[in-house]
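Asker: Chain B is already provided as a structure; the job is to place chain V on it using the hints.
Protein chains: 2
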Amino acid sequence: MRLFAYRDATASRALGVSVDGINFHEMAVLAPDLPQETEELLGTDGALARLAELLAVAPSGRPIAEVTLLPFLERPNALWALALNFKTHIAETGLTTSLDYPHLFLRTAASYVGSGEPILAPPENVARAFDYEGELGVVIGKPGRHIPVERALDHVAGYTIVNEGSVREYQMHNRQFGLGKNFEASGSYGPWMVTADEFGDPTRHSIETRLNGIVRQRSGLDDLLVGVAETVAYLSQGYHLRPGDMIAMGTPGALPPAEDDAEGRDLSRQFGPFPTPGLVHMRPGDLAEVEISGIGTLSNPVIADQPATYRIG
Amino acid sequence: MRLFAYRDATASRALGVSVDGINFHEMAVLAPDLPQETEELLGTDGALARLAELLAVAPSGRPIAEVTLLPFLERPNALWALALNFKTHIAETGLTTSLDYPHLFLRTAASYVGSGEPILAPPENVARAFDYEGELGVVIGKPGRHIPVERALDHVAGYTIVNEGSVREYQMHNRQFGLGKNFEASGSYGPWMVTADEFGDPTRHSIETRLNGIVRQRSGLDDLLVGVAETVAYLSQGYHLRPGDMIAMGTPGALPPAEDDAEGRDLSRQFGPFPTPGLVHMRPGDLAEVEISGIGTLSNPVIADQPATYRIG
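Sequence order for the protein chains is B and V. The first sequence lines up with residues 1 to 313 when you count with my numbering. The second sequence lines up with residues 1 to 313 when you count with my numbering.
One or more of the hints may lead you astray.
Said to hold, decoys possible - What the simulated footprint calls covered on chain B by chain V, stretch by stretch (three residues with Cβ under 8 Å from a Cβ of chain V suffice, anywhere in the stretch; the number is not a length):
1. 64-72
2. 99-110
3. 166-175
What the hints assert, rightly or not - Across the chosen pairs, the derived CB separations fall in these ranges:
4. B:GLU150 with V:ALA109: 27 to 33 Å
5. V:ARG204 with B:PRO118: 42 to 48 Å
6. V:ARG75 with B:GLY285: 33 to 39 Å
Rather than coming from a laboratory, the hints here were simulated on the basis of the structure. Where a beta carbon is used, it is the ideal one built from N, C-alpha and C, also for glycine.
In isolation and in its complexed conformation, chain B is listed as follows (with noise of 0.2 Å):
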């Protein structure tokens, strides 16, 4: 089951479900009876559980094509993300991590558009390396604290693709990454969760990005650094999970350019910190993709934030 946000011409948001990704239900109307929001909806017993029967005799619904997506979350309280957490990407940054440790830190709400809904490339004399980052991102249900490892998986809802959109100037402008990892809109998650038991193992589906159609990253998500249980045992710790906090797991590294991608062969065309062959930065105009199999795509176009009126530093 897909469980999604969206407005149309007559709900400025609106929860939707659905089986197949093309066409869905209004919550409202399909289970008047359910809390109407996501957080709340992920954390009531049984909620998802419900939903889907329902939707299991309900008549065929609306297409989804009809309606604009939103980020489904409202208002969570963390929403978490994993640096350095593919041996890829460690090994063109040239950057280190613990071995033994998530590597943690946070984004907020408003750093994250829906899917089909405009990303934000800053002005070109604010940053340059604007980055794509296609991510597996991981929506909590049960709450909890001090969770092991093998049961931690119970607390998942369901799964979900990140554009963890990046500035690299910013990233590195001191050593925590700060607003480089939050720019206004600068990323995206959706379509759609789709729940745990649907998506099943996550280590046996694979991420794909791609700009302008182009494959930039494809990787196994077995391949992760520190895994799914790993990081919500780890957050647990500390922090008591609550339905609806996100965490993004991480970025694979740049496939290498083919020979005839004269784009993606071209290091005088890449700025910031991390010139990689097969890295090309997002820019307005373009589509940035990131597919995960079986969630779907995630696809939104770059468009130029407002140009900088003022600048420091």
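Answerer: Coordinates of chain V only, in the frame set by chain B:
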């Protein structure tokens, strides 16, 4: 004027306003026409001025001592914090920071409680280097992007006090501070926000942190490496500042211990990466207080977090 949130026998959450920090009026009674949520109130043009007018002609109110204070922000988009923003703290940690850019990271709302509420110390088998960090908190009012330094303070609605409680072992698990700055209820802010017009120039104020009545940090706020206006301007280059965003401005170093301060002189009782004379960790049973001139005192008992039934790493 002071703005705060509280609960009492009749309300689970209400806003209060006070001239003197001793007696107060309930916002919903004093100004039922104004938004009754902090972020929305701070984002409403002229709302604080209107409140001050109403308060000036109101009869003497009810004692603040009768109610339980809460964090005055409801669901802020961003709780920024600065690392290593005092030379004295840089010296004691031996860590490095850029001299050109603020050293920014994020905390979640769940990592903070209000004044008077208990701060949670991790169980000893999870972490022992649980440290106070007394800091000035800057609360954003007017939203904005690309804000010049010379207009940045126009976007500040007021100031508060932060105890940016930190779990050093976890902070050093990897290069991003991650979970170490985000343990559940590990920090606090309050007791209230003092409006910017009343607080005036932050650099003319001073901060003092006490543990069990012994002064452990004391500094002028003119000693910040990156100032309030510079930080607001920097953030606004990539991020759209929102009403109710908070920025914790960094903590000063430890005061040298007095001759008769056995605890402050005993480095064998210190854990974590930065053993420093005069540094004393927070432990269950302690009272942590941070005072800033012109605001008041943020005061929190320290109690033991729930036992760790499970540990990794």
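Asker: Is the gap between the beta carbons of V:ARG204 and B:PRO118 within 42 to 48 Å?
Answerer: holds, 44 Å
Asker: The region 166-175 of chain B covered by chain V? Criterion: 3 or more residues, Cβ-Cβ distance below 8 Å.
Answerer: It holds, with 5 qualifying residues against the three required.
Asker: Tell me if chain V covers the region 99-110 of chain B under the three-residue, 8 Å CB rule, please?
Answerer: holds (count 11)
Asker: Could you check the hint for me, namely that V:ARG75 and B:GLY285 are 33 to 39 Å apart, CB to CB?
Answerer: Once the Cβ atoms are compared, 35 Å apart, the range 33 to 39 Å for B:GLY285 and V:ARG75 holds.
Asker: Taking the Cβ atom of B:GLU150 and the Cβ atom of V:ALA109, is their distance within the range 27 to 33 Å?
Answerer: holds, 30 Å
Asker: Taking a Cβ-to-Cβ distance below 8 Å as contact, does the region 64-72 of chain B have at least three residues touching chain V?
Answerer: As far as the region 64-72 of chain B goes, the hint is violated, because 0 residues have Cβ atoms under 8 Å from chain V.
Violated hints amount to a single one, hint 1; each of the other numbered hints is respected by the structure.
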